[in-house]
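K.L.:
Listed here are the chains, written in short residue letters.
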Amino acid sequence: MLEIKNLHARVDDRDVLNGIDLSISAGEVHAIMGPNGSGKSTLAYVLAGRDGYEVTEGSIHYQGNDLLDLAIEERAREGIFLAFQYPVEIPGVAGTTFLRTAVNSLRKHRGEKEFDAMQFVKYVREKQSELNITDDMLRRPVNVGFSGGEKKRNEILQMALLEPKFAVLDETDSGLDIDALKTVADGVNTLRDPNRSMLVITHYQRLLDYIVPDFVHVLAHGRIVKSGGKELALELEKEGYGALTGTQAA
Amino acid sequence: MQGKAENSRNFTQCDSLLIGDKCGAHTVPYIEVKNRSAKVEHEATTSKISDDQMMYCQQRGMSAEEAVALIVNGFCKEVLQELPMEFAVEAQKLVGISLEGSVG
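Chains G and A, in that order, give the protein sequences. Just so you know, we're using the working numbering here: the first sequence kicks off at 1 and counts up by one. Just so you know, we're using the working numbering here: the second sequence kicks off at 1 and counts up by one.
One should not assume that every hint holds.
Said to hold, decoys possible - Taking lysine-lysine pairs in the DSS-like style, the calculated list, with each CA pair at most 30 Å apart, reads:
| hint | chain 1 | residue 1 | chain 2 | residue 2 |
| --- | --- | --- | --- | --- |
| 1 | G | K151 | G | K165 |
| 2 | G | K122 | G | K165 |
| 3 | G | K182 | G | K113 |
| 4 | G | K122 | A | K4 |
| 5 | A | K34 | G | K113 |
| 6 | G | K238 | G | K226 |
| 7 | A | K4 | A | K48 |
| 8 | G | K230 | G | K182 |
| 9 | G | K122 | G | K5 |
| 10 | A | K39 | A | K4 |
| 11 | G | K151 | A | K77 |
| 12 | A | K77 | G | K113 |
| 13 | G | K108 | A | K48 |
| 14 | G | K5 | G | K182 |
| 15 | G | K122 | A | K93 |
| 16 | G | K182 | G | K122 |
| 17 | G | K165 | G | K230 |
| 18 | G | K127 | G | K230 |
| 19 | G | K122 | G | K108 |
| 20 | G | K108 | A | K77 |
| 21 | A | K22 | A | K93 |
| 22 | A | K77 | A | K48 |
| 23 | A | K93 | G | K108 |
| 24 | A | K77 | A | K39 |
| 25 | G | K108 | G | K127 |
| 26 | G | K165 | G | K127 |
| 27 | A | K77 | G | K127 |
| 28 | A | K48 | G | K151 |
| 29 | G | K165 | G | K182 |
| 30 | G | K108 | G | K151 |
No lab work stands behind these hints, which were simulated from the structure alone.
From just these sequences and the hints, can you work out the full model?
P.N.:
Here it is in structure tokens:
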């Protein structure tokens, strides 16, 4: 599904990723853990194709094709989804309008008929109750005045509606209390599918109690310094990152 | 405000949205008041379509044009909603036309 080889990337003239190798097969959930500044979010943005994140060496292949050839919206249409660490506010644009525009962009790309407003409401209704998304949240402007929990639930709703093949969740647990964390994790778990892979980025082991990954990788100084099964996360929680990254735990 | 407009009120709001980095906005408020009891307020803001907003929309599969149209329509909606139906439809079209070719 996704094959990253010797990936180097720079942001603002600073080398952030220094040779990442990572292979993710269909249906697998991989977790990336690491301290602040290790390059986790940079990896997420490089995969999504954000401007200003320059790949200087290495390659990313997605479903056999060169991902780096594709523009950000083309990647999205091919099934790449990024749940943002900081979801962006769009004043004046109602949630439903935003979601319908996004879903229809993908349907158009797949040669399917676009949803009209009525069909779309039906489509959303099936998904929104699981994630505890009220009609009111969909009427309000996108992310404007949303609480931390609402923003993250809204990200997962978008994921449910856009049905990606490869989803990157960038610190989806940040800013969530335990209840909200469970709701979000449940939402993610119902989206686990043999044809869908996920890359879950987090600081804390806690999220991985709820979203249990197949593999865990530790990122430090822009490299993967250790990989293992889900038990690696528990080990980290106990020992801290210091032992692996060669820096003292704060 | 006319001289006979006793205790009248006025609120003028003037918001600008910048698209791209080669533009600016100068808003010059001009209000003529001929009655001392009138209350007059004026407000102006300038905002910009941010890279973050563009990226957010494009990551969800929208083209740059679709993203700008969506954001601009959101910005104008409050005003367009107040217009009578026949104007609203026309204004909506105008917004669409003026955006063609503005990105890319």
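K.L.:
Under the constraints set out in the numbered hints, which ones does this structure not fulfil?
P.N.:
Those not satisfied are hints 3, 4, 5, 7, 9 and 14.
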